[in-house]
Amino acid sequence: MPTVSMTVNGRAVRGEVEGRTMLVEFLREHLGLTGTHVGCDTTQCGACIVHVNGLAMKSCTMLALQCEGAAVATIEGLAPPGTPLHPMQKAFREHHALQCGYCTSGMVMIALDIARRFGEPDEATIREQLKGNICRCTGYHNIVKAIAAGARAMAAKHA
Amino acid sequence: MRDFVYYRPSSLDEARQLALEVGAMLLAGGQTLLRDMKRSRHAPASLIDITGIVPKHIELHKDAISIGAGATHAEVAGSAALREHLPVLAALVDHIGDPAVRNRGTLGGALAANETAGDYPAACLALGATVRTTARNVPAAEFFVSGGTGLEPGEIITAATFPIFRRAAYIKLLNPAARYAIVGVFASCTADGFPSIAVTGARAQGAFRWREAEAALASGFVAERLRDVRLPAEDLVEDLFADAAYRSHLAAVLARRAVALAGGPAPGVVVLSHGSRAADQ
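Chains P and E supply the protein sequences, listed in that same order. Just remember that my numbering sits 55 ahead of the position in the first sequence, which is counted from 1. Just remember that my numbering sits 2 ahead of the position in the second sequence, which is counted from 1.
For reference, chain P alone in the conformation it holds in the complex:
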């Protein structure tokens, strides 16, 4: 079987995979990083979003082998055990932006991509940018509020 090497949350990893092994499968089943979820498995719901070389991507729709040499960041890397939550995670908790939590890791990962590109986005921008992330519990209102607050907190931290 082919092997693949990449860094995941700053740690160098290596594994044997099949050609058809998706990145999300590699993360969950080979590395045990089950914070990244598979929802629709058809590139629509966004539960599987991770960052690859700094950009949000749907890990159910890219091959593990395509990440050779890449730097992958998952939800687990935002706040390792024993460290404070990332400002975006904190905003999700404070604004009650999750119920069942299934979509949440993808929501947080796209939220960071939105904050990277827009700084402190307005509500319309956040809603438009959530086009590829589906939540079936909350109706999005609190997710939108959390992303606005999280982005504000990140901007303040960097100011």
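Think of the hints as simulated: they come from the structure by calculation, not from any bench. Heads up, some of the hints might be wrong.
Taking CB as the label site, the calculated pair distances span [as the list claims (entries may be wrong)]:
#	chain 1	residue 1	chain 2	residue 2	range
1	E	F243	P	D177	23 to 31 Å
2	P	R69	E	D245	47 to 55 Å
3	E	A193	P	R66	52 to 60 Å
4	P	T180	E	A137	38 to 46 Å
5	P	E73	E	S13	21 to 29 Å
6	E	R85	P	D177	17 to 25 Å
7	P	R172	E	D15	34 to 42 Å
8	E	T136	P	R148	46 to 54 Å
Distance condition first, Cα-Cα at most 27 Å in a straight line; then the derived BS3-like pairs of lysine-lysine [claimed, not checked]:
#	chain 1	residue 1	chain 2	residue 2
9	P	K145	P	K212
10	P	K200	P	K212
11	P	K145	P	K186
12	P	K186	E	K40
13	P	K145	P	K200
14	E	K58	P	K186
For every residue, glycine included, the Cβ atom is placed at its ideal position computed from N, Cα and C.
Given the coordinates of chain P, work out where chain E should sit on it, guided by the hints.
Relative to chain P, chain E alone:
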């Protein structure tokens, strides 16, 4: 999904050789292909990953812009040159898929996939783009053939060149669930009055030029000329969200709006969705 052999060639020459093998397919961004492989719509024996070896630079010419086929949608939408000189195309690309898909999907991949509701093919047809491959230059009208493309085995898309238009606009109505275009219409008019209307999402084989609408606009690029033009419903897509008659109606309404927008003071892109205020206009 059936397993396959994965290749990451280091040059286009090497990729072309590998792509000639039986059962080989090219992987450009994979946002359509990998999804379709999960549905067993394709079951390649090998995937040739051309991400990273296809040119991706965006080049401004005197009256056209060429875009390397390896450019992701996010890169194209963010291009300063494109936003300045052909903003309608930058805006169209900024509404393909979703942000994560746009970070991965590429121009070449979107053209090769020629999806039923593809946005890029509509732009290529209405703007008279030329598709450049490792073998030739092909006008978009010849490149997109029923349900696919005219690509030969081992032929790789390297760029597309889009003439610069001032009068050009694209309007689409989003599917309420998956958010692709139920129908989209791209309208353009050259400086000397030659109109083009491309429709996407309406026929299974992908975007097409709507000749009857273009003929009606030949005597003047104004929405009123389309008042009596109808797209026959017989061969239009029907699904859970829209039957053929609705798609036919949408094509006529969106074509009139696109022409009005293209000929107006602020041409661009309008994205409509059910329940949005814009949809009530």
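Tested hints:
Distance hint for F243/E and D177/P: a CB-CB separation of about 29 Å, consistent with the stated range 23 to 31 Å. For R69/P and D245/E, the hinted distance range of 47 to 55 Å is satisfied, since their beta carbons lie about 52 Å from each other. Checking the proposed 52 to 60 Å range against A193/E and R66/P shows it holds: the Cβ atoms sit about 57 Å from each other. A hinted range of 38 to 46 Å holds for the C-beta pair T180/P and A137/E, which are about 42 Å apart.
Between E73/P and S13/E, the C-beta spacing of about 26 Å keeps the proposed range 21 to 29 Å intact. Between R85/E and D177/P the beta carbons are some 20 Å apart, a value that agrees with the proposed interval 17 to 25 Å. For the hinted restraint 34 to 42 Å between R172/P and D15/E, the CB-CB distance of approximately 36 Å keeps it satisfied. As the Cβ distance of T136/E to R148/P is approximately 52 Å, the hint placing it in 46 to 54 Å holds.
Distance hint between K145/P and K212/P is fulfilled; the C-alpha atoms sit about 13 Å from each other, no more than 27 Å. For the suggested pair K200/P and K212/P, the alpha carbons sit about 18 Å apart, so the restraint of at most 27 Å is met. Taking the CA atoms of K145/P and K186/P, the gap is about 23 Å. The hint holds against a cut of 27 Å. Between K186/P and K40/E the CA atoms are separated by roughly 22 Å; this keeps the pair inside 27 Å, and the hint holds.
Distance restraint check for K145/P and K200/P: the Cα-Cα separation of roughly 12 Å lies within the 27 Å cut-off, and the hinted pair is therefore satisfied. Of the pairs offered as hints, the one joining K58/E and K186/P holds, with about 26 Å between alpha carbons and a cut-off of 27 Å not exceeded.
Violated hints are absent here; each numbered hint is respected by the structure.
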